[in-house]
Amino acid sequence: MDTPASYFHWGFILISLPNLVVIGGMIVLFAIALVAPFPHAEESEDGSHK
Amino acid sequence: MAATSSAEGAAAAPRPKSWTLRVRQAMDRNLPMDHLLPDRQPYYVGSWVYVFGVVTIAALVWVVVSGILLSFFGPQWWHDSRVGRFFNGLHFWSVQMFFIFMVLHLWGQYFMAGWRNGRALTWMIGVVIFAVSILTAFTGYLSQQNFDAQFIAINAKDAMNSAGIGAFFNVLNFGQMYGLHVMLLPIGVTILVVLHIVMVRVRGVVKPIDPEGSARS
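Taken in sequence, the protein lines are chains G and H. The first sequence stops at residue 53 when you use this note's numbering, and every number in between is there. The second sequence stops at residue 398 when you use this note's numbering, and every number in between is there.
Bound conformation, chain G alone (with noise of 0.2 Å):
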């Protein structure tokens, strides 16, 4: 725990491991959001939802 993180170097990308692994965490579940069905979300004929 106390030992330093492991490092992704690409060119002049340098990335610590657990970083990048957070970052690849919120694309996923960025585009997760945009698939994934909502619940409740029929509308009503206003065009609207509760």
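Calculated directly from the structure, the hints in this document are not laboratory data. Quantities reported herein were computed from a predicted structural model and do not represent experimental measurements. Here a beta-carbon is modelled for each residue, glycine too, at the ideal position from N, C-alpha and C. Don't take each hint at face value.
To be verified - Below, computed lysine to any residue pairings styled on SDA-like, alpha-carbon distance capped at 25 Å:
id	chain 1	residue 1	chain 2	residue 2
1	H	Lys388	G	Phe41
2	H	Lys388	G	Ile18
3	H	Lys338	G	Phe41
4	H	Lys338	G	Pro42
5	H	Lys388	G	Met29
6	H	Lys388	H	Val374
7	H	Lys388	G	Asp5
8	H	Lys338	G	Pro40
9	H	Lys388	G	Pro42
10	H	Lys338	H	Phe350
11	H	Lys338	G	Met29
12	H	Lys388	G	Gly14
Claimed, not checked - Just a few of them, taken from the derived set where beta-carbon distance is under 10 Å, the chain G residues facing chain H:
id	residue
13	Ile18
14	Met29
15	Pro40
16	Phe41
17	His43
Unchecked claim - Chain H stretches covered by chain G per the calculated footprint, using a threshold of three residues with CB under 8 Å from any CB of chain G:
id	region
18	220 to 230
19	280 to 287
Got chain G; can you put chain H on it based on the hints?
Just chain H now, with coordinates in the frame of chain G:
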């Protein structure tokens, strides 16, 4: 004609002398309750993308609640007792959630151009919240009362001095950093978040750029 004379009558109405009455009338005009606490939302709000902002607020609530307990009991409690370490961890991880979901909210609003149709100020206040939150988190790392905080402070002082702000923003001064972290900056973030939410409610949620069935929108 009736509308014209009514408008003339409104224009000719004397300005109330009472400032409380003027404030109340302005609030009635600009902050209608059906906008502040709506019971229905437009159909396009039925998406998980719109949940990111609410989750950010939920995380902020946990940050504030755990932070109040930490400031009440002090560093010895949050380092040495089991309950204190739990709330120290709760404070840390709710901050991580706050930043993760704030950035996801930012991505969502960026790609749907959330500043459209008179919402530019709402967007700009969001940007300021992001900046003040980073400063709040930074002073929090300096307030931990451990070697990590000392390491960050000793390295950061050179950056502050090179930016010309080291004389009045002294990262080696624990009292100054702790005071900023537990008082001024959280109050600033909270006020700005409340302002941000009120502005979102007054204008409503921005429509998608190309909503399905846009004829009815």
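Quick rundown of the hints versus the structure:
With a C-alpha separation of about 17 Å, the suggested pairing of Lys388 of chain H with Phe41 of chain G holds against the 25 Å cut-off. Note on Lys388 of chain H and Ile18 of chain G: the hinted pairing is violated, with a Cα-Cα distance of about 36 Å set against a maximum of 25 Å. Between Lys338 of chain H and Phe41 of chain G, the direct Cα distance comes to roughly 47 Å. Violation of the 25 Å bound is thereby established for this hinted pair. Taking the CA atoms of Lys338 of chain H and Pro42 of chain G, the gap is about 50 Å. The hint is violated against a cut of 25 Å.
Taking the CA atoms of Lys388 of chain H and Met29 of chain G, the gap is near 24 Å; set against the 25 Å cutoff, the hint holds. Taking the CA atoms of Lys388 of chain H and Val374 of chain H, the gap is near 21 Å; set against the 25 Å cutoff, the hint holds. A distance of roughly 48 Å separates the Cα atoms of Lys388 of chain H and Asp5 of chain G; the hinted pair therefore is violated under the 25 Å criterion. For the proposed pair Lys338 of chain H and Pro40 of chain G, the alpha carbon gap of about 48 Å is over 25 Å, so the pair is violated.
Under the criterion of a C-alpha separation no larger than 25 Å, the hint pairing Lys388 of chain H with Pro42 of chain G is consistent with the structure, at around 20 Å. Annotation: proposed proximity of Lys338 of chain H to Phe350 of chain H holds, straight-line Cα distance about 9 Å (limit 25 Å). The straight-line distance between the Cα atoms of Lys338 of chain H and Met29 of chain G is roughly 31 Å, outside the 25 Å bound, and the hint therefore fails. Straight-line distance between C-alpha atoms of Lys388 of chain H and Gly14 of chain G comes to about 40 Å, which puts the hinted pair past the 25 Å bound.
Because the beta carbon of Ile18 of chain G sits about 15 Å from the nearest beta carbon in chain H, more than 10 Å, this interface hint is broken. Taken as an interface hint, Met29 of chain G checks out: its beta carbon lies about 6 Å from the nearest beta carbon of chain H, inside 10 Å. A hinted interface residue such as Pro40 of chain G counts as satisfied when its beta carbon comes closer than 10 Å to some beta carbon of chain H; here the least separation is about 9 Å, so the hint holds. Satisfaction of the interface hint for Phe41 of chain G is found here, the shortest Cβ-Cβ separation to chain H being roughly 5 Å, below the 10 Å cut-off.
With its C-beta approaching chain H no nearer than about 8 Å, His43 of chain G sits inside the 10 Å limit, and its interface hint holds. Check result for the region 220 to 230 of chain H against chain G: holds, 10 residues qualifying (beta carbon to beta carbon below 8 Å, three or more required). Only residues whose beta carbon comes within less than 8 Å of a beta carbon in chain G count, and the region 280 to 287 of chain H has 3; three or more means the coverage holds.
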